[in-house]
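Q: Okay, here's what each chain looks like letter by letter:
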Amino acid sequence: MSDTLSKIEKRTAYILILPAVFLVFSIILFPIFANVWISFKEVGLKDIRIPEPRAKKIVKSIKDNPDQLKVIYKLRNSSLILEIRDVKFQDKLPKNIEPINLDERCRVKSNKIYCDFGNWEAKHKENFQILLKSSDGKQINKKELKTIKPKLTGKSDNILLNTNFTLKNFKKVFFQNEFFDLLSTTFYYTFFGTIGSIVFGILTAQLVNQKFFGRTFMRSVLLFPYVGPVVALAYTWELLLDPYSGTLNNLLMNFQVIQEPLNLLGQKYLTINFFGFDLKLRLALTTVIIFEIWRYFPLAFLFILARLQAVPKELYEAAEVDGAGPLQKFISITLPQITAVISILFMIRFIWNFNKFEDIFLLTGGASGTRTLPINVYEQGFTISDIGMGSAVSIVIVALLLLFMFVYFKLIGKRADEN
Amino acid sequence: MKTKSLIYYALISSIFLFSLISIWKILVTLQGVELKNFNFEIIITLGIAISLLNLIIGEKLNYLIKSTLFAFIFTFVDGYIVQVMPVWYNIGIFAILIFFSLKINKYSQKYLASEHSSQIVIFDFLTLFGIVLFSFVILFPFYMMLITSFKTQAALLINPLDFSINFKQDFKELFKSYFVIFDTYKFGRYILISTFVSVGTVIVTLLFAIPAAYAVARLNFFGKNFLSTSILIIYMFPAIVLVIPLYTVFSQLGLRNSVGGLLIVYTATTLPVAIYMLQGYFRSIPKELEEAAIMDKLNWFGIIIKIILPLSIPAISSVALYVFMIAWNEFLFSLMFLDNPNSFTLSRAIQYLSGDAETPRQYLMAGSVVVTIPVLLIFVYFEKYLVSGLTAGSVKG
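Those protein sequences? They're chains D and X, same order as listed.
Under this note's numbering, read the first sequence as residues 26 to 444, first letter to last.
Under this note's numbering, read the second sequence as residues 301 to 697, first letter to last.
Hints are supplied without guarantee of correctness; some may be wrong.
Claimed, not checked - DEER-style ranges, computed between Cβ atoms:
1. Asn466(X) / Val282(D): 23 to 33 angstroms
2. Asp483(X) / Thr364(D): 51 to 61 angstroms
3. Phe496(X) / Glu203(D): 38 to 48 angstroms
4. Lys174(D) / Phe479(X): 33 to 43 angstroms
5. Leu492(X) / Gln201(D): 43 to 53 angstroms
6. Phe429(X) / Ala343(D): 25 to 35 angstroms
7. Glu203(D) / Arg583(X): 42 to 52 angstroms
Source of the hints: derived by calculation from the structure; they are not laboratory data.
Glycine residues also receive a C-beta, built at the ideal position from the N, C-alpha and C atoms.
Turn these sequences into a full structure, and let the hints guide you.
A: Shown next, in the form of structure tokens:
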């Protein structure tokens, strides 16, 4: 009895869960494996279009002969690079119509024309004509004839499906792509973005954890940058930072903080003279990192605030009795309470910043030294139109990501063992 | 009274005052008033003087009279001796000074003599400073977005610092950018598409996620643990590594440039977190309710509809709002999949607008306002629900 019940339960569970699992597998897991496949191929953006046989149907009446009609099919191979084999053509005729002098490649069977056009090489074009006459003397309905669309089928190679593999893409990724520059930019961006957002998260959480007028409002406001659409915010920042008509540069010049406008998003290096040493600051990258911090510190804030609110008040009261000052309280009560959250946050944010695409893409498009790995995926795949190369960079990202996750779960596992 | 505390108090309070006044000066400059410097030395000196006076006067005067007195002195020196400014500028300065004097009122000679007083002073002012600074830094871009959408290209080029809006002009003139983006750039259509995609994603995600979450929360089946951990791991994979294979497959299937294709992708990317959030909530519903339902011969469909759903309205709302927000703000896939202006979402449309260097920036900003306002309104109105969604979904971003 209980056996059948548990069987029913299992079956129900699979029915309930299958649609979701199927969808996630086909849209998330399948592409990750497909990346591996594509990355070993030489595929360009133009190769992924499947060649199609196409026909445009034009119906013309013939002068002096109202009983007959001419139908012209403009046939072509849609692909500029691949041939189509075994092209088959099919078109339906209205009932009272039959063809005259039909092309030898075609035959008529129960009001349908079937043709075998054989193989079409790339760019193939042909005008194919059929003469029609009405079989019962009635006038041919031109409109009806026009609305019937011919069907064409054919076989072609799909570059993606054949089994020619090459290591070229990976060679290019590592040796011709300024790989280490890419990697260091990505790490720079990820690391400082993560640290910055956590630091500001701690500050703001500490702030909002106190009582003051307008506290709930402040909490909402602090989440605005994260909630707002990235497109709108990135363009607003671009306007704000514009070297000529941007508000920030003009304000700074107005108050004589700087003499010359700074091209914050378009200048790779800013040389700062520091006690006689010339320090080179990566200006555009720094700006992008600041935007990143501005947009994502709310998450750190949310996490840390939730943790802070769970810290028992007695701890602080006891510390006060012991004569601890605010700084001491922060260091010996607050910080230990939030280290766990901070380490989780650090790892999660690290992984996500590592994959950040939109923010940099919208602000600089990867120019002036802000090219990170995700930007490179887009550039290779869609600007240079080398799909294979883009996939290879994606694979590098996935590999690094798996490495991070491995470390992450190792550390979490260790922490769980300790507790 | 300790000298150290006194010095900290005087310095930090005057720096705080300086920052308040500087922010006010920036806002005033943005109204087109010519203001060239922050007068750091003068304001710091005045600030120190006022904070010391506050200590000397102590409680000999009513705090209201004291504040008004300070405000008058400062405004007089700043607005008439140092520089001549419009009246409304001075009213602002006056208000800031009143606020400042009320804040420093609690510090007395006795207070500064107590233990840790210097630390407490620093912490107090850092808090105030933080509130002002963070609000300013966060709200300023939003403010700029809104104002720019009401300006004209010419006015912005002549004086980029003039944020003042002429309310006397015609209503049509004022909202010109909005009329243009709706008339010329078909933003009405994009709003509809964005709404359709986002609401559609919410509905489809819930349809898939509720049964799956129920199964994970309640039923025993082979592979359950594996599934619930893999949900989160899958969630960690970024969109950028999915883009190329999805682009190629969708191109070949003819799903690119279709709103349906976008809907499928959005659903799949939000499903893991939706399932994760919902199953957590479903577990908290007492099992006894379902046992009673099984006695009544309800099948799983009946159980979900009649028992689980009515009890989990809060969780479902937060999932719905979170998914809506993700879908509404999504940019990468809409950039990749849509290249026909007839099927653009709002985000994609704005990016398309910006691609043309000739597009006046006020149109861009008007578009940005249009895409931002719905999410911000929803966020402010349903903050309670959204925050729990954000916290659960914050592994992503």
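Q: Determine which of the earlier numbered hints do not hold for this structure and return their numbers in increasing order.
A: none
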